[in-house]
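This is what each chain is made of:
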Amino acid sequence: MLRLRVQAFHLPKEGNRLEEYEDAWACDAAVGRLAVADGASDAFESRLWARTLVQSFVREPPSPEELMRWLESRIAEWKAGIDWARLPWYAAEKARRGAFATLLGVAFGQSLRDVTEKASSCGHWWALAVGDACLFQVRDNEVIVRFPLQQAADFSTTPPLLSTQPDYNLRSLEALRVCMGECRPGDLFILATDALAAWFLGELEAGNHPWGRWKELTSQQFHWLVRTLRRRGKMRNDDVTLLLGWTE
Amino acid sequence: MAYTAEISRQNPSCILFLIDQSGSMSEPFGGEPGRSKAERLADAINRLLFELSIRCTKDQKEGVRNYYEVGVIGYGPRVGPTLGGKLAGQTLVAIRDVADNPARVEERRRKVEDGTGGLVEETIKFPIWFDPVAQDGTPMCEALRLAHSILEPWVRKHPDSFPPIVINITDGEATDGDPRPPAEVLRQLATQDGNLLLFNLHLSSQPGRPILYPEDETGLPDEYARQLFQMSSFLPPHIREAAKGEGYAIGPQSRGFVFNADIVEVIKFLDIGTRPKGLR
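Line by line, the protein sequences give chains A and B. With numbering that gives the first Met the number 0 applied, the first sequence corresponds to residues 0 to 247, in that order. With numbering that gives the first Met the number 0 applied, the second sequence corresponds to residues 0 to 279, in that order.
To be clear, the hints were calculated from the coordinates, so they are not data collected in a lab. Among the clues, some could well be false.
Have a look at the derived ranges for each label pair, beta carbon to beta carbon [unchecked claim]: (1) Glu50/B <-> Glu204/A: 37 to 45 Å; (2) Gln149/A <-> Gly218/B: 43 to 51 Å; (3) His222/A <-> Thr3/B: 46 to 54 Å; (4) His222/A <-> Pro152/B: 55 to 63 Å; (5) Glu112/B <-> Ala79/A: 17 to 25 Å; (6) Tyr167/A <-> Glu106/B: 21 to 29 Å; (7) Gly206/A <-> Gly250/B: 38 to 46 Å; (8) Asp41/A <-> Arg225/B: 36 to 44 Å; (9) Gly80/A <-> Thr3/B: 31 to 39 Å; (10) Asp41/A <-> Gln187/B: 28 to 36 Å; (11) Gly250/B <-> Gly232/A: 45 to 53 Å; (12) Gln187/B <-> Arg58/A: 38 to 46 Å; (13) Ala79/A <-> Glu245/B: 52 to 60 Å; (14) Thr3/B <-> Leu172/A: 34 to 42 Å.
These figures come from a predicted structure and were not determined experimentally. Just so it is clear, CB atoms sit at the ideal spot from N, CA and C, and this is done for glycine as well.
Bound conformation, chain A alone:
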């Protein structure tokens, strides 16, 4: 049976404090589930919403058909995290307009059915995405899966988002993407939020292997990499999250 080893890295936007980081990530290597989300910074408590989405995905990933009902429970969790009685008028109004985030979740198992039944064995994987956080699967030093975006030019300033507003989600779910595949020992699964994913795709298009030195990546090296790329104008200044899942 395959085992999953996971490394997680994150960094807030340059100029922001760590507590202002509005991406989120969660993983359960034993069960084989990984998720990243990117909270929209012009909304209210998107950080809480992003965190709610990734933690819930890892705890109980939804099948695509039941995503709308799954979201109802997440919205209730988000609402429970807000002290409504003490909100001043501007926060109440902003909260009424809702929180927004992208979501990318990956679950490993023998089959999709196993995934939803909380099986933990590797062999197959399944992913869902709303928005522009991306998954890359690397085998034998080649990227064999890019999901959901295929090229750097696919990024826009208005990606699909999951919201605490059910009406909004009806439209977003048209942008839901699902992907399945199989995995072997030695595969690398890369989950990245948009700024890093856009750079990564650009590197692939230039024929580079940006994951080349990530086998022993440390937090310090990750911070240096991101800051250098930002300074050189090769990566947009944004919150950055990277999950590396190695199958063994």
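With chain A fixed as given, assemble chain B onto it according to the hints.
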């Protein structure tokens, strides 16, 4: 490149409104009987302060982040700051203090979607900072000079910020001289990120199509309209994009100027003209 600075709490931006409060503002918009221009403009400014406060609110812990300093200068019976309540007399106010100190809070009804295709009415709190005034002449030159004296120290204190945006809203001609020279002096104020942006909004007195973000003086009916056009800054790229996104025909020479605006164009102008390049 100019006009690219991100707005942050370390490098806030500044929005100053110059509001014509002369006697003619008591008339209704051209072709729109009912409430006066002064009343509808006060609604639009209150609405914008409401939206700015909300734009700067991101979580329940921190409340409103101080991304902006805001001022409202009236010119009519007198020239000076016109926010009411606790903010009376202050020229520039941090947006958090604006949000926390409306002069009063009214309750208004609005219709919202009920999630099943219908509409329900709900009550929302509508804070009021600014009340309508319509009296006397139009001392626009004095207002432009006051804006300069307020913003000159501001740009010195915030050299790395996005430069101040001044939005002048009037329905007529200045009664205290040619406003172009003081406007020119005002536009010379600058941060590292570019010169101050002066946008002019001319309110309609007669029915007729507004002239929106023109590139030249073609079609402007009189000397006063041409003066306001000449006083207006070119739109910076991100505002050009925002205006294009709203469906306006915008060219590289488009200026922040609308002639004969109805209230719908006023509200859109305020929204587009204050759209940030980026909030961090």
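How the hints compare with the structure:
no., hint, result
1, Glu50/B <-> Glu204/A: 37 to 45 Å, "40 Å, holds"
2, Gln149/A <-> Gly218/B: 43 to 51 Å, "47 Å, holds"
3, His222/A <-> Thr3/B: 46 to 54 Å, "25 Å, violated"
4, His222/A <-> Pro152/B: 55 to 63 Å, "38 Å, violated"
5, Glu112/B <-> Ala79/A: 17 to 25 Å, "24 Å, holds"
6, Tyr167/A <-> Glu106/B: 21 to 29 Å, "26 Å, holds"
7, Gly206/A <-> Gly250/B: 38 to 46 Å, "40 Å, holds"
8, Asp41/A <-> Arg225/B: 36 to 44 Å, "38 Å, holds"
9, Gly80/A <-> Thr3/B: 31 to 39 Å, "36 Å, holds"
10, Asp41/A <-> Gln187/B: 28 to 36 Å, "33 Å, holds"
11, Gly250/B <-> Gly232/A: 45 to 53 Å, "28 Å, violated"
12, Gln187/B <-> Arg58/A: 38 to 46 Å, "59 Å, violated"
13, Ala79/A <-> Glu245/B: 52 to 60 Å, "37 Å, violated"
14, Thr3/B <-> Leu172/A: 34 to 42 Å, "36 Å, holds"
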